[in-house]
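Using the hints provided, position chain B relative to the given structure of chain A.
So the protein lines, in turn, are chains A and B.
Under UniProt numbering, the first residue of the first sequence carries the number 1, and numbering increases by one thereafter.
Under UniProt numbering, the first residue of the second sequence carries the number 1, and numbering increases by one thereafter.
Rather than coming from a laboratory, the hints here were simulated on the basis of the structure.
Keep in mind that this is a model prediction, so the values were computed, not measured.
C-beta: ideal position from N, C-alpha, C; glycine also.
Take these hints with a grain of salt, some might be off.
Claimed, not checked - Negatives, chain A to chain B, calculated, CB over 12 angstroms:
| no. | residue |
| --- | --- |
| 1 | I65 |
| 2 | A91 |
| 3 | P149 |
| 4 | N154 |
| 5 | W163 |
| 6 | S169 |
| 7 | R173 |
| 8 | A194 |
| 9 | T232 |
| 10 | V267 |
| 11 | D318 |
| 12 | E381 |
| 13 | L603 |
| 14 | S650 |
| 15 | T679 |
Unchecked claim - Pulled a few chain B residues facing chain A out of the computed Cβ check, cut under 8 angstroms:
| no. | residue |
| --- | --- |
| 16 | S263 |
| 17 | G302 |
| 18 | P419 |
| 19 | A460 |
| 20 | D485 |
| 21 | M498 |
| 22 | N691 |
| 23 | N695 |
| 24 | A700 |
Number of protein chains: 2
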Amino acid sequence: MLVSAAVVFSSLLSCAVAGPHARLKSPKNWAKKTALMEVLAAASPPSNSTTFSPVAVAPKANIFISLTDDEAASVISFLHNQTELNLTAAADAGAWDNAIEVVDLVQPNKTDALEYLDNGGAVPDRFAVARIAFGATDEPYLQDFIVGPLPISNSSTYASLDWATTSGSAKIRNHNADEDLLTQWNLDVTATVADIILDLLNGTATGSDDDDFDIWGETLLPQGLFFKSDITGRDSSKWQLQGWLYGDVFYSTTEEFRQAWSSPDFVKYDLNLPSSWIGSDQTGDFFPGDNIAPPIAVQPNGQRFSVDEEQKYVEWMDFSFYITFTRDTGLRLFDIKYKGDRIIYELGLQEAIAHYAGLDPVQSATSYMDTFYGFGPYAFELVPGFDCPTYSHFLNATFHAAEVSTTHRNNICLFESDPGYLMQRHSSSNYLALTKNIVFTLRSVSTVGNYDYSFDYVFALDGSIETIVRASGYIQSAFYAKNNDYGYQVHDALSGSMHDHALNWKVDMDILGTENTFVKHKIVPVQVKYPWSNNTRSTMQLQRERVENEDDAKLYWPRNGADMFLVENSDQPNKYGEPRGYKIAPSRGGAGMHLTIQNSSVLLKSQGFATHGLYITKQKDTEVRASHANNDYDPGHPLIDFDAFFDSESLNQTDIVLWLNLGMHHVPHTGDLPNTVFTTAQSAFIISPHNYLLNDASRATRQMVRIDYNSSGVQLVKEFGGKMPSGMVNLTAIQPNFNNYEGDIATRKFPYDPLHPYNDTESIV
Amino acid sequence: MLVSAAVVFSSLLSCAVAGPHARLKSPKNWAKKTALMEVLAAASPPSNSTTFSPVAVAPKANIFISLTDDEAASVISFLHNQTELNLTAAADAGAWDNAIEVVDLVQPNKTDALEYLDNGGAVPDRFAVARIAFGATDEPYLQDFIVGPLPISNSSTYASLDWATTSGSAKIRNHNADEDLLTQWNLDVTATVADIILDLLNGTATGSDDDDFDIWGETLLPQGLFFKSDITGRDSSKWQLQGWLYGDVFYSTTEEFRQAWSSPDFVKYDLNLPSSWIGSDQTGDFFPGDNIAPPIAVQPNGQRFSVDEEQKYVEWMDFSFYITFTRDTGLRLFDIKYKGDRIIYELGLQEAIAHYAGLDPVQSATSYMDTFYGFGPYAFELVPGFDCPTYSHFLNATFHAAEVSTTHRNNICLFESDPGYLMQRHSSSNYLALTKNIVFTLRSVSTVGNYDYSFDYVFALDGSIETIVRASGYIQSAFYAKNNDYGYQVHDALSGSMHDHALNWKVDMDILGTENTFVKHKIVPVQVKYPWSNNTRSTMQLQRERVENEDDAKLYWPRNGADMFLVENSDQPNKYGEPRGYKIAPSRGGAGMHLTIQNSSVLLKSQGFATHGLYITKQKDTEVRASHANNDYDPGHPLIDFDAFFDSESLNQTDIVLWLNLGMHHVPHTGDLPNTVFTTAQSAFIISPHNYLLNDASRATRQMVRIDYNSSGVQLVKEFGGKMPSGMVNLTAIQPNFNNYEGDIATRKFPYDPLHPYNDTESIV
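The following block holds chain A by itself, in its conformation from the complex:
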């Protein structure tokens, strides 16, 4: 196969002085223990409840739970015994070896899972997926295998996981398996222009430890010098330099570049120099009063939710759910029940695209699909008092990569909080009624390279669930020269490279069973002649429209919220004839949720899930995920092409799945330096009961008060057992000790060209 078409710019020159994007040099220590939370647990006051237990017992085994260390080890051992795979231990493997990259759970088929959860069926067999990189060949590739059933026994087998793809094969070509050769190639190429680099950039990039520059893409300090290589094949002696780019002028040979540089009218651009501006420490005049500790939330009387730590099962008020954690997508929720009925079978991230654009080939060709790196490996320990309230309940999570089982301690937090506004209020001539809005949040944060993605699942007393993503961390930026059509100049020689974020969520809703229908309830202007009026009136109506086929199931969110999107069970009307359902709506943000570009030259066949706001498909056990972590190796020939899910199937009262994007168009401005802030980089959707119950479910809480009064004053204060917090809280005792932070070593993603992606597993595990 000729892959030169897919090779644009395999490498590029940019600065990597010590700064926010220093490359990983430290050993991995994912599983290092910490005592941070033990202090908090000891200081936490005892609950004043005599009946409530913060310990839950899962009613069913968590069949979605991550592979145990033992399971992972047995799978790896089993595979090493399959001699035809010719595996090398991951720790010893080089570019010409075959090695296991990732082992994870194959999520049970929904059919089997429901049989177990609802109908007393057997626990579904557990299977693992093993992602193996095959380097011992002229045409390196990756392949997923299904292994099981677990535990490994004589009846366990392995097979290519073809059925989970739309391509029909779990194999994907790796066009850039030779990182070591590429590093040397890049140094060899730049050595031929060392004098030009010294002149233009006032530094060196020779591969030496005392280099000023690195040959690299993603950073706050790009310098605007690029070269193009054809690195087709595994023999780097056949690779070819195809040209140089500087100041938007392309030179097809080094000689041409050198000649231009030598000429007196060669335009040299300012350098993009580091200094304190790239750091995120406090800077600027202190605010008045800011030395005083700000308000803080406390939980004086104990935890009001229950956790089954072993089964990763949680109960809060009328909600319950199971948690799992995967290498590719991090935290996921399963079997979310509300008042005893399942409302969501599966809720979790599918993929996160960050699609850049720019005048230069790096920005233009960058569109991260972050499951390539994985959200699991980068979901580090959270800091109480900052990332989550000091009183939060923390959970650990484990993933298995490079034949290492890694446990992040305290990387998921669960907490109740008061979001600062009420659930309900009303005042009348004789009473005032007020209900607190206490919400329950499940949170994890993944730092995938430059960006910190914070994920919240927020449950509320009215039966709603909000899914929120926020982004902070460093922007990826561009050299400033002539990049004005693609971003703002944000520093002396820096452009805030414009990009779209699109993060796709799978929301497999089941409203009173799996047979559901997606309906649009449209609010439309109409002209009507009524019997009681002589004139035609300009008014509006509610019009109901069903989405009955996958042909009509790629939706944009309507302008001005003119349509309500619902999942209903049309066969389960309430007593008034309205089908019971849940509404799905955007709730935060407004800066865009899907990609601007609908036919990206970078993402090719791998973008189908990100071109619209919302998609509906018929649930199939073979259509589990909208994307695949390995799609990024060859986006033109992906393992999962989401568009292939749409094959005209009926969506009428059947098991439907929503695939929904959050995100934003991000054109970084000066306020993104040093870091983007969460306040203006957030996006969310909320699902909420819609004719689902017969009244507002929050009426069940005790956390309300009614004050009856007349002109003589208050006549009655009616409470319902939800008294205000009382007693003493020792704030000093609940201060977290930041010195106990585990210090998970953060790794980062490397530059890559999605038209010619390469195996980055060394750094990302």
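Just chain B now, kept in the frame of chain A:
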């Protein structure tokens, strides 16, 4: 003038048993004192700051501050001395008298205000507006007068406030000045069908104290029986009954109605009966653990913002602003400065429309413009621990109506809080940096009849300001019969009447002076051929477009957030050449922000500000408000027709004003019973610095931590003076005492037909 065209249904029959919408019977006691907050003040721990003062001194007098009681009294006295006005004391005035309804401040001209604030000019003269109802005439009307300068002296005069209108006259016709006659008319009409009412509704509506029903529109208990009257003129003997409506069948005479009712095939509908479902008290099974007090926010070390109580001036971090409060629109902010520079001259609500639709004439003809009732009179005392944190700083506010000066105590709260997520975070291989997101909120709540509108202005450390409105309280509903195209059936005989909320805000931004330009920065898909590639690529670009004329200044929010809307000072580029500006964007909600109907038969010429998402006009001292509280008297001939602001004026680097809508399309479902909840009924916009400073302003806070680590563990915890809260907090001592609530008497709005509105001041002032 013939007004019969404007008369559709002047009255209607519905239930008003004791319930959530009981009509006001109690005497007014707006200014009753309360001791609620004194308890809290005594229990609040002392600040640990030795330098910070919670008391501010306004740098300039608050020239926007509400009229003092003395000023209002002197204006009223002055007007009573103008014999040609023929005024009767409000307390004694009947339908055939002239009486002062409202006295308020005439906001100073911006020209004069800036001269004072910025250039050492004189304090602008203060003027009052007096809204007078003229009933002593066959053609009753209302008229606004400007009175001043204040204090009243020999040089004070009064004049019709024509220049503040677009109609050219401050007079507006009152087509329904005779409420007493109308009440009697309605009883007389219904008396003719008392037997039918007894049969259909199983009750009476005779005006007696033991009636089962009231003749009224807005309630949870409509019964679906309507009659149509022509009430043109002030002589009720000439009024005419024009027909009856029941079950969507119109009978043009009582005889016809009676005949139909007598026939065996007359369809009788179910009654809409009250019971516990209309109450908002706790109901349903208690949640497990809900007897435990939930988390609560505390402010252990004192207040970190400063207030000049007398001048209603506030400073928080790098922000400062002045507050005022008006009868029509409640809380308003002026002269919002950020880092010493004004960014907003004026920020406040203009109008709140709730536009209904329905099969019946009441729903179809209802479109509230709530400044008619006023947000000031209904902005009652807030409850600490529910409406606002217990540690909030409360302010009072005063309005002047019906010749009474009324002070709401503690009806505005100011507080800092932690919204539950960080401002900034980033982790790398060697450090983790975290910054708290402490926000400052200014809040008031107005219960205008059935709905409780909560208004927040939220200031953040990154320089952003979010304006949020949330709605709770009772829905207005419709009788269920055949109303399916206009709402869901939500109870036995009840339809949740569909409606649009559109709340218009004036946002008079001034970025580094008044000469500003509105620009759209559009993110657009493009095809580009780059010099470094042989192929045309499908990518995206940033395109800048100026809105230079009022002809182009009615905007919709773009689908998928594809355009960024900015106010910039094009003549004030930052050092990198990017104009300094602020971005305006939706931030919460997603269920719609402007009206569905663009040419409402109800609102007629009074809806111009609600048909789009956002408008830009050139600032003029004569175009101060988008709407007028009296527009509702005659929407076809409004005092202020917002569309008239658009007269092709240049918006290029001039003083521009934004008029922006928040809101939602609301199709109430069962979850809106008994009350709509704030969680899913909220809408917001945020303004945030955009290339305004050279970096993220939140870097100035001390509330951050950096944890440096390597593979050996934490090496350094770097703090910046923002330590975690410490010491003991006595939660019992800070519990509010709800028995001290003032119990402002809530009044409510009456049914009205905007095609024939009537004077409702008896109940609303």
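Here's how the hints hold up against the structure:
At roughly 24 angstroms, the least C-beta separation between I65(A) and chain B is larger than 12 angstroms, which holds for a residue marked as non-interface. For A91(A), the requirement that its beta carbon stay farther than 12 angstroms from each beta carbon of chain B is met, with the minimum near 17 angstroms. Distance to chain B confirms P149(A) as a non-interface residue, since its nearest Cβ pair spans about 37 angstroms, more than 12 angstroms. Chain B leaves N154(A) outside its interface by the beta-carbon criterion, the shortest separation being 42 angstroms against a cut-off of 12 angstroms.
No Cβ of chain B comes within 12 angstroms of the Cβ of W163(A); the nearest lies about 32 angstroms off, and the non-interface call holds. Here S169(A) stays apart from chain B, with its beta-carbon at least about 27 angstroms from theirs, past the 12 angstroms limit. Every beta carbon of chain B lies more than 12 angstroms from that of R173(A), the smallest distance being close to 21 angstroms; the non-interface claim holds. Every CB of chain B lies more than 12 angstroms from the CB of A194(A), the least distance being 22 angstroms, so the non-interface label holds.
With a least CB separation of 15 angstroms from chain B, T232(A) remains clear of the 12 angstroms interface cut-off, as annotated. The Cβ of V267(A) sits about 15 angstroms from the closest Cβ of chain B, beyond the 12 angstroms cut-off, so the non-interface label holds. With a minimum CB-CB distance of about 7 angstroms to chain B, D318(A) fails to clear the 12 angstroms threshold, and the non-interface call is violated. Non-interface status of E381(A) relative to chain B is broken: a Cβ of that chain comes within 12 angstroms, the nearest being about 9 angstroms off.
Under the 12 angstroms C-beta cut-off, the non-interface status given to L603(A) relative to chain B is violated; the minimum distance is some 10 angstroms. Distance check for S650(A) against chain B: the nearest CB is about 26 angstroms away, which clears 12 angstroms, and the non-interface claim stands. Annotated as non-interface, T679(A) brings its C-beta within 12 angstroms of a C-beta of chain B; the closest such distance is 5 angstroms. Here the hint on S263(B) is broken, as its CB sits about 18 angstroms from the closest CB of chain A, past 8 angstroms.
Interface restraint check for G302(B): the shortest CB-CB distance to chain A comes to about 6 angstroms, inside 8 angstroms, so the restraint holds. With a least beta-carbon distance of about 6 angstroms to chain A, the hint placing P419(B) at the interface is held under the 8 angstroms criterion. With a least beta-carbon distance of about 5 angstroms to chain A, the hint placing A460(B) at the interface is held under the 8 angstroms criterion. Hint status for D485(B) relative to chain A: holds, with the closest Cβ pair at about 5 angstroms, below 8 angstroms.
The interface hint given for M498(B) is met, as the beta carbon of that residue sits about 5 angstroms from the closest beta carbon of chain A, less than 8 angstroms. Here the hint on N691(B) is kept, as its CB sits about 4 angstroms from the closest CB of chain A, short of 8 angstroms. For N695(B), the interface hint holds, since its Cβ comes within 8 angstroms of a Cβ in chain A; the closest pair sits about 5 angstroms apart. At its closest, the beta carbon of A700(B) sits 4 angstroms from a beta carbon of chain A; the interface hint therefore holds under the 8 angstroms criterion.
Violated hints, listed in ascending order, are 11, 12, 13, 15 and 16; each of the other numbered hints is respected by the structure.
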